[in-house]
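Enquirer: Work the whole structure out from these sequences, hints included.
Number of protein chains: 4
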Amino acid sequence: MGKVYTYDEVSQHRSEDSCWVILYGNVYDVTKFVPEHPGGAKIILQLAGQDATEEYDPIHPPGILEETLAPECKLGTFDASTLPSVEKSPVDEDKVDEEAIMPLDHCLNMDDIEAVATKKMSKKAWAYYFSAADDLRSKALNNTVYSDILLRPRVFVDITKCDTSTTILGNKVNIPLFVSPAAMARLGHPDGEHGIAKACNTFGACQIISNNASQTPEQILEGAPADQVFGWQLYVQNDRKKSEDMLVRINALKQIKFIVLTLDAPVPGKREHDEREGKNVGANLPIRSAHQQGSSSTTSPDPKKGGNSGSGSVASAMFAGTAGDLTWKTTLPWLAKHTKLPIVLKGLQTHEDAYIASLYAPQVQGILLSNHGGRAADTAPPSIHTLIEIRKYCPEVFDKIEVWVDGGIKRGTDVVKALCLGAKAVGMGRNALFGLGAGGTEGVERVYEILKAEIETTMRLLAVERVEDLGPQHVNARAVERDVYDGPAGLEKLGMWLKAKL
Amino acid sequence: MGKVYTYDEVSQHRSEDSCWVILYGNVYDVTKFVPEHPGGAKIILQLAGQDATEEYDPIHPPGILEETLAPECKLGTFDASTLPSVEKSPVDEDKVDEEAIMPLDHCLNMDDIEAVATKKMSKKAWAYYFSAADDLRSKALNNTVYSDILLRPRVFVDITKCDTSTTILGNKVNIPLFVSPAAMARLGHPDGEHGIAKACNTFGACQIISNNASQTPEQILEGAPADQVFGWQLYVQNDRKKSEDMLVRINALKQIKFIVLTLDAPVPGKREHDEREGKNVGANLPIRSAHQQGSSSTTSPDPKKGGNSGSGSVASAMFAGTAGDLTWKTTLPWLAKHTKLPIVLKGLQTHEDAYIASLYAPQVQGILLSNHGGRAADTAPPSIHTLIEIRKYCPEVFDKIEVWVDGGIKRGTDVVKALCLGAKAVGMGRNALFGLGAGGTEGVERVYEILKAEIETTMRLLAVERVEDLGPQHVNARAVERDVYDGPAGLEKLGMWLKAKL
Amino acid sequence: MGKVYTYDEVSQHRSEDSCWVILYGNVYDVTKFVPEHPGGAKIILQLAGQDATEEYDPIHPPGILEETLAPECKLGTFDASTLPSVEKSPVDEDKVDEEAIMPLDHCLNMDDIEAVATKKMSKKAWAYYFSAADDLRSKALNNTVYSDILLRPRVFVDITKCDTSTTILGNKVNIPLFVSPAAMARLGHPDGEHGIAKACNTFGACQIISNNASQTPEQILEGAPADQVFGWQLYVQNDRKKSEDMLVRINALKQIKFIVLTLDAPVPGKREHDEREGKNVGANLPIRSAHQQGSSSTTSPDPKKGGNSGSGSVASAMFAGTAGDLTWKTTLPWLAKHTKLPIVLKGLQTHEDAYIASLYAPQVQGILLSNHGGRAADTAPPSIHTLIEIRKYCPEVFDKIEVWVDGGIKRGTDVVKALCLGAKAVGMGRNALFGLGAGGTEGVERVYEILKAEIETTMRLLAVERVEDLGPQHVNARAVERDVYDGPAGLEKLGMWLKAKL
Amino acid sequence: MGKVYTYDEVSQHRSEDSCWVILYGNVYDVTKFVPEHPGGAKIILQLAGQDATEEYDPIHPPGILEETLAPECKLGTFDASTLPSVEKSPVDEDKVDEEAIMPLDHCLNMDDIEAVATKKMSKKAWAYYFSAADDLRSKALNNTVYSDILLRPRVFVDITKCDTSTTILGNKVNIPLFVSPAAMARLGHPDGEHGIAKACNTFGACQIISNNASQTPEQILEGAPADQVFGWQLYVQNDRKKSEDMLVRINALKQIKFIVLTLDAPVPGKREHDEREGKNVGANLPIRSAHQQGSSSTTSPDPKKGGNSGSGSVASAMFAGTAGDLTWKTTLPWLAKHTKLPIVLKGLQTHEDAYIASLYAPQVQGILLSNHGGRAADTAPPSIHTLIEIRKYCPEVFDKIEVWVDGGIKRGTDVVKALCLGAKAVGMGRNALFGLGAGGTEGVERVYEILKAEIETTMRLLAVERVEDLGPQHVNARAVERDVYDGPAGLEKLGMWLKAKL
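Residue numbers (the working numbering), protein chains in the order written: chain B, 1 to 502; chain V, 1 to 502; chain A, 1 to 502; chain F, 1 to 502.
One copy or two, it doesn't matter: identical chains are merged, so the pair holds either way.
Straight-line Cα separation of at most 30 Å, DSBU-like style, residue types lysine-lysine; simulated pairs:
{"id": "1", "residue 1": "172", "residue 2": "254"}
{"id": "2", "residue 1": "198", "residue 2": "161"}
{"id": "3", "residue 1": "392", "residue 2": "329"}
{"id": "4", "residue 1": "32", "residue 2": "161"}
{"id": "5", "residue 1": "242", "residue 2": "161"}
{"id": "6", "residue 1": "241", "residue 2": "161"}
{"id": "7", "residue 1": "257", "residue 2": "337"}
{"id": "8", "residue 1": "337", "residue 2": "161"}
{"id": "9", "residue 1": "161", "residue 2": "329"}
{"id": "10", "residue 1": "124", "residue 2": "198"}
To be clear, the hints were calculated from the coordinates, so they are not data collected in a lab.
Expert: This is the structure:
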């Protein structure tokens, strides 16, 4: 461990046969790990023999290095003075012109926030946050569906008071707008998920921590008061033991009030912006998309496949190891053994699945309708469709479990419309990430400040004082309703299915 | 009072502790008033120690200075010769190229008028007139909804005669197109609201004077014949006494035939164009939007709030002091005590509220369906929606009170379509303001000249001689009807509500 | 008469008090005629004292000069050698670059034809042909409505034969596509209406001659075989005698098989392109639009009106003198007295009027559904709407009279769709005019050549051999049907109306 | 035969009276053949007296030269050294910049593939592949109709396995996505149809060989294993003997499992891109479109027609000789005499024709719903419309014959949606051609690689393991259903028709 390596020594080891990297001033031999790397071998080999810290840091939570590598892999420390002097690239034209960027206080809406973040963040972070599946149609629909719903303002009612507080699974929050699980916050800003947590504390908002957070749960919760409301997102791993170990840690954190089991992305969607950016890591290497990798088709001939090549995209790294064999029948009982926390199922997109979920109460206490921000199946329905579908086919679901939605929130009016149509709470992912990218904790606070004011204005103009008084009479969703699924309810089939499966 | 101040003396006083301003050649000490300024302290402090006349004048009616400041605040007069000589900015490129502007006579439609006004007015005036809430969707809908309604021209009928005259609450007018209350006319042109009044007189049109007019009612009515028809818009103030005093003045003006009680903007919507322009007054100061300020949430943590900071937007100044606690039960009786004039309720956006209003006849004699020009709740329905909604759910309203609409009028066909669907009269706000901006009184006259000719052509092509003969058989509104609210009428609930509230 | 005038002499007379013009080498004193000029005094005064031939010729049929002016107004001839030499403007950059224009044979569709015509014609002619009312919405709808109708091609049927011939009021034509009355053909090309007639002869097509043709009926029909099918459009004049005299001439022309009484433009719509072009004649003169002029409101205060000022637009000239007092009850009997030809009523836009028309058979033998090419009431329905409306409310009309449509035809598929939905024949106006503009008679032939080939291809792909076999089963008009008028049929009202009026 | 010709000798013969051409180093006298050339005389005369190999080769299959010309037409060989030296045009700016073209591996979707192919192919090939009828509305609809159908992803189901294999008329394929008959593959790349066949073999996909392939069936099938699945497209020729001879050859090829009888283009649609490109061959010659040529109207006066002039477009050449007199009653029995292979009818576009086809089982075993890639009748319905129409009017068709669709496939989601709505298999034409153009066999493989991965991802996100489990419950097609034909089923008429015809 005491050995000190020079750049020349390290740079010899840049092949599959011997692969070293420098991380945080230490030198590691990762040769054995290369073929197992969840993100693919290629991405490591591209950085072999070099200092990979800048690449590695923002997308890996601390501790995972020690967890993953045997102690003997740590060879020693690196003598930074041996680094070849790099002529600082004059191409600093790429450097952000801070002057030209709108200050946070001048940002009036989410588009302003995104524009600022886009200028400040790395291309890679932007591509990961921005991207969605295929042609971005679900992402686009997520936004436009709210515009198509009209408000029905009432007048001549005292609107001097306005209270945006509500409860989430019984926990008091000051605003019905939570942060949906969104991975890799440190890609956008070093404040990371902990920065989001601090902003949520300021506004009394709930945060659901991503399974793929770039900080540990303990780091994220540091300093959070006992009554701050967090959820924890679970992607079940093929290696169930890893998930079980994580649940042990989560169960110990009193601010985490519930588990969000993610079901909407058993394989990653095809996010082309993310993939195109991934290729820039090694531009002359063939791109294989994350979603191709994710497939384990029994029939694909794919003659070019071989080894564990990764696309270099952020998504491709994240999805490695995620289990695809979850079922109603087996996963919920297993989960019950490992946590007493209430379960929220994320990613339901049909009334049929919402109905089944409601049969699993009280273990399941909520569902988060979501098309994964348009990042899984393109042309999947916006969650507002699913919400209306439930109202239409099986409204009893609302009585048994909480129904939340996320996807496409840009305005306070969007939040209020979802609440009117039956959502108990509303989530946002990209807004929080772009807020973070635009200004760290302060950026996320600005996001909440803007949206809270917009929510209040909307409630006042609807002449509604409290969140629980918002109802379908406050909106005209007719332009959306005519596009919502209208086929057979499939309840008979569902009954048979349930008999067979449960 | 006799004291004469130099620029050097005045310019010492530019802080919260001592704040002087020059207005109309006089020097005032406004230190005590700063924290009470409806438009926020900031906007005054930015002009402290300077001549603020240019900023102050177009948005404050005469007399308000004396009304607001104690006599001792007027310190004396200002010696204009002590002003530092300003090198006239060569940036007079901003100066309007009068040559390039289309003459009024060449303007053929409202877009031409708006284009000319946009070139002639200050950026600030333009931003205030142009702006609407959030993403301008209601503003856009206001326009497109008329295009989606088709005319049903009839033929082989004698159309040599065409009479656009009608009555408004029993008062004869020559055209069913009135000027909706639109604030701050002098921002656009020194002719101000009085200029609009003169144009209305020429065309026998009704004008509703804004509560936030930049001239006094007496000034506006100067020279108007006794049978010219005016309404007066009332924003009830938190300080009811102010409103009562104003009603005394209004009651005395015989041309004012009715009161328009505005209900559609108990808090201002979020008008981003207006807010962005506001920031230019002090570009390095944080912007807090008018609609944030307007909120007095009981729950907002807003840690940055403090003092009475204003956004600098025109709207922020105007809404200060407006009461948010108006109710059917309390406000109408109070109003009955202070005026015998018939009441028109402005800003109704649902058939439920229209129905309730009709129960208050004969005190209430009309309702003005309006989404406040798209400036209050974005995605609020265009008034044509509400008109159709009333036809559908409670057509008896038309028998009890007059129903007017405004918002989005660009063409004579728009006016005629609204009349066909049941409106007794149709209002326009921006057209009058842009007409004023384009050419003062003459500009407003050109607006009326164009639209009157268009209305006549449309009536002739429909083979209708008189306004009262226009009916639903003359339009095909099917493309709009399918988007109109189709939910439960809520009449049962309404019954209970009425029992409880009335 | 023998007197010869010099330029200096003539150019003295350029006022209302003494107004001379040079036309076709003669000098006329038109002082008395100026106030009566249907197109307004202004347009003459602008050309006073000069040679007006170039302006006058293309929009006035021969003979009208002699008809209008007393013999003594013709003062003598003009000595052309006295014209001041004009330095030929080097601004011949405006001259058309013949090289850059697509040859007729390369034109594949109506857009190509219009593009070529637009390059070749004068700005004024283009503006007149292109323009439509207000915002051109009906014009746009006329085109898009056809795209929204889908074809239903049938297969496995022998399609070696295809016959596009049909009959129009019993007269055999080779193609169901006629030329709608379109005014002022010589504006676009010196071949004029006669050129169109020659092309129609080549293709066995029917032509309806515009009441405002730029050639006399006799000129247009010159050389036409006896069985060539013409209609003649009648705009009834306020001075009925003029119309009666014209009918005498028309009755004598054996190729004219029917009269088309135009009802859709009792006043002209507001065609802004045409009006804007009109102003260029005298750029510093105020524009009064044709449709303003057309109005004779009893209530308009219009303080600026006075004298007979014209807008200079082509439409303003044409509409002067047109009667607005036509009625079912009075006009048809009058017409019966002056012609035995069958009557086709043009411009019907509702099923109600179609139904009434059918009651006037056999005097009335056809109706031409038309919104006047979108040039009358903007947002009037496309004729396909009216056609579907008739199918829905009173299909018996099809059994009593022929129903034709025009407006927006761009493709052979458009023609076939209209025929499928019940039209007996289909008219086109702009196509013929643009064809003429693009290449005179040959241009119109190219238009017919293209469209005939498209019609045949469409019929073959529908597996239909003869025009009369096309039916509603060959199209899917569902996307249009949902926008068609769906209100009460108004038949009861209609009954009462009929009792009262007939 | 032994004679050797010089350039000077050959170049004498460039008229209709004596027309020689050089092909593959030989000199031919084609004078007699000129008037019979299916593609028109003009296109040959333009190349008369020159080496036409470059033009001739990619659009004619080998052997056709010998088949068409009498042996004596081959005059001898050409002495290439006598060719005048051509100064190599410096206009090689047209040469493709290979550097700037995205490598195949970086292509992520069909748009990338098309973009690469567009850069690599000749303008002529691009125009032929890209073009569609009239205004390309059906082509556009083919794409957008899929976007309007939403997916209904199901969750909490084990999706580790995914199997895209299925059967086509009982033959096992690994993917339900076949290559639709698409002509002239060598226009795009020398690998031609054989290259497509090799890619299909790699992915276990079915290929339907175009009747107008640029290689012989034997060449295309060279090396294909016995169980590779091919269909053969038949355009019946006016000269039935030619078709019968071809069927003899086809019957002998064991990999060809079925015949696809094409019915959707008895005459070619009007493909303007293709026609405009055709004119560049001889820019100063009049263009007569293929679809005009195809017409043999009994009534057309077309005075300019004469001789056998061709438009020079690829389509015009191909359609020559195609029979237009096919019928249910005569053609199927004839076909039964010449092949025992099952028949698939291509180009059905209504439920009526689908229903009739099902009555012809078992000779007819499938139908391919198709609007010919939007290349026949513009505004013909996308095949998804017809699929839904069959579900609605006569679902029994699905039980009797296989229903396939093609047109507009861009994404794996598109394929899956068609399967959900009842298609047994899905075809693509342009994707394969553009894949070929982008990189020959490898390009087509890349197309299959991308789409197979997308299909698998979509199936997994729908939680469906096998193709046969996809069903209507997995999609929400409501936005499309409302545009599908809704008229009378016409079954009664159909019954009469059937009685009469069968």
